[in-house]
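With the hints as constraints, model all of the structure from the sequences given.
This is what each chain is made of:
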Amino acid sequence: MIKDASQLTEIEQDALAEIANMGVSRAASSLRLLVGEEVLLSVPSVKIVTREAASKLVERGNAKKLVAVEQTFEGPFDGKALLIFPEAQSLELVRSIVGDEHTLEDVIDLEQEALAETGNIILNGCLATIANVLNRTMRMSLPSIVRGDGATLFEVQGPASGEQFVLFLYIDFNIKARDVHGFIALLMDLPSIAALKTIVNDFIEAIEKQPSGHAG
Amino acid sequence: MHKVLIVDDSKLARMVMASAFRRIRPDWTLVETTNANEALAAVSGGAVDIALIDFNMPGIDGLELVANIRKTHPNMPVAVVSANVQNEIIGRARDLNAGFIPKPLTDESLAAFLSGAALRLKKSST
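Read top to bottom, the protein sequences are chains R and S.
Its first residue numbered 50, the first sequence is counted upward by one per residue in our numbering.
Its first residue numbered 20, the second sequence is counted upward by one per residue in our numbering.
Hints listed in this document are in silico derivations from the structure and should not be mistaken for laboratory results.
Model, not experiment: these values are computed from the prediction.
Just so you know, even glycine gets a beta-carbon here, dropped at the ideal spot from N, CA and C.
Just so you know, not all the hints are guaranteed correct.
[What the hints assert, rightly or not] Which bits of chain S does chain R cover? Going by a derived footprint, with three or more residues having C-beta under 8 Å, they are:
hint	stretch
1	72-81
2	92-103
[What the hints assert, rightly or not] Below, simulated EDC-like cross-link-like pairs (lysine to aspartate or glutamate); rule was C-alpha separation at most 20 Å, straight line:
hint	chain 1	residue 1	chain 2	residue 2
3	R	Lys225	R	Glu87
4	R	Lys246	R	Glu123
5	R	Lys225	S	Glu83
6	R	Lys114	R	Glu101
7	S	Lys22	S	Glu51
8	S	Lys30	R	Asp251
9	R	Lys258	S	Asp46
10	S	Lys30	R	Glu61
11	R	Lys113	R	Asp228
12	S	Lys30	S	Glu51
13	R	Lys105	R	Asp198
14	S	Lys30	R	Glu59
15	S	Lys30	R	Glu254
16	R	Lys258	S	Asp126
17	S	Lys30	S	Asp80
18	R	Lys225	S	Glu107
19	S	Lys90	S	Glu57
20	S	Lys30	R	Glu257
21	R	Lys113	R	Glu101
22	R	Lys114	R	Glu160
23	R	Lys225	S	Asp80
24	R	Lys114	R	Glu136
25	R	Lys225	R	Glu136
Right, here's the structure in full:
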């Protein structure tokens, strides 16, 4: 059953996609500096879905073994941001950052640290842009690495599974010259979706009603 | 007074742009379109002086659209508007003789581009 909070109006959907797009585009620009290659992005998608459906969406077309850098955020709305790759590609990502001159052993040694740092830069860039656009402050946790299938990443069986619906924002990215692609996903549960909707609606109203004010 | 074409699939982004115009150039006319095909129709209609084009759109992206516009309008002031500030994107815009305005949009960056555009239009009409 779908409750009110789990429905988005057309303009709310549009606004969230645009704000997420700005966040991820900025984050991709940071990733581009790290890897030295152009990063291609898909058009963003915003959906309110169950955790289980979200987990299936990230597995689609991918191997089921995924690795994610995850950061929780708290503020006017709470949630989790994830940078997700097929596990088989994480070493290639690390190699693209540390350089091709390193041996496989070095790359394996560096993997955890390099993933955490990459996640930190990308997810912080993404969340900071969103917070700035909405003129709010968000606190971000330190990054942690999670390995497993989509259900593990999105805690389908976890303590939060009572909150069935999540806001699932995702964008595909692809490092052009390397065989590396991944997703950036933001997950928020119902109370946070309601809070975010209020903030987004205030933001939209401010654009319409204050021609002399500042509009992002 | 000029007629400005805005191309963005996001209504919010078009609203932010329109709001900035109300502050910076309240007497200019805006034409809003949501994709490249609508934009090309508006441009070939002939009434557009300046174009502001989002990069990340479904279907034809903003840079492909600029390349298309350049075939018939080599000197129209055009800017690509995007949060994707990667060198490749900005470089490709420059190669197409287009400006680049970063998102989130600020009045300052839009005003700077529009002043330059107005100057170029004035020069080309004299």
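Now the hints, each set against the structure:
With 3 residues carrying a beta carbon less than 8 Å from a beta carbon of chain R, the stretch 72-81 of chain S meets the three-residue requirement, and the given coverage holds. Proximity of the stretch 92-103 of chain S to chain R, defined as three or more residues with a beta carbon under 8 Å from a beta carbon of that chain, is established by the 3 residues found. Only pairs whose Cα atoms come within 20 Å are accepted, and lysine 225(R) paired with glutamate 87(R) is accepted, the gap being roughly 6 Å. For the hint pairing lysine 246(R) with glutamate 123(R), the CA-to-CA distance comes to about 16 Å; that is within 20 Å, so the pair holds.
A hinted pair counts as satisfied when its Cα atoms are at most 20 Å apart, and lysine 225(R) with glutamate 83(S) qualifies at roughly 18 Å. For the hint pairing lysine 114(R) with glutamate 101(R), the CA-to-CA distance comes to about 16 Å; that is within 20 Å, so the pair holds. About 11 Å separates the Cα atoms of lysine 22(S) and glutamate 51(S), which keeps this hinted pair within 20 Å; it holds. At roughly 15 Å between alpha-carbon atoms, lysine 30(S) and aspartate 251(R) fall within 20 Å of each other, so this suggested pair holds.
Restraint check for lysine 258(R) and aspartate 46(S): the C-alpha separation of about 18 Å stays at or below 20 Å, so the hint holds. The hinted pair formed by lysine 30(S) and glutamate 61(R) meets the criterion: a straight-line CA distance of about 10 Å does not exceed 20 Å. The hinted pair formed by lysine 113(R) and aspartate 228(R) meets the criterion: a straight-line CA distance of about 17 Å does not exceed 20 Å. Only pairs whose Cα atoms come within 20 Å are accepted, and lysine 30(S) paired with glutamate 51(S) is accepted, the gap being roughly 9 Å.
A threshold of 20 Å between alpha carbons decides the hint, and for lysine 105(R) with aspartate 198(R) the separation of about 9 Å falls inside it, so the pair holds. Simply put, lysine 30(S) and glutamate 59(R) have alpha-carbon atoms about 9 Å apart, close enough for the 20 Å limit, and the pair holds. Of the pairs offered as hints, the one joining lysine 30(S) and glutamate 254(R) holds, with about 13 Å between alpha carbons and a cut-off of 20 Å not exceeded. Pair hint lysine 258(R) plus aspartate 126(S) holds up; C-alpha atoms about 16 Å apart against a cutoff of 20 Å.
Between lysine 30(S) and aspartate 80(S) the alpha-carbon distance is near 17 Å, which keeps this suggested pair within the 20 Å criterion. Restraint check: the Cα-Cα separation between lysine 225(R) and glutamate 107(S) comes to about 11 Å, which is no more than 20 Å; the hinted pair holds. Our distance criterion of 20 Å between C-alpha atoms is met by lysine 90(S) and glutamate 57(S), whose separation comes to about 17 Å. Distance check on the hinted pair: lysine 30(S) and glutamate 257(R) sit about 12 Å apart at the alpha-carbon level, within 20 Å; holds.
A C-alpha spacing of about 14 Å is found between lysine 113(R) and glutamate 101(R), which places the hinted pair at or below 20 Å, so the restraint holds. Taking the CA atoms of lysine 114(R) and glutamate 160(R), the gap is near 16 Å; set against the 20 Å cutoff, the hint holds. For the hint linking lysine 225(R) to aspartate 80(S), the alpha-carbon distance of about 17 Å falls within 20 Å, and the restraint holds. About 6 Å separates the Cα atoms of lysine 114(R) and glutamate 136(R), which keeps this hinted pair within 20 Å; it holds.
Between lysine 225(R) and glutamate 136(R) the CA atoms are separated by roughly 18 Å; this keeps the pair inside 20 Å, and the hint holds.
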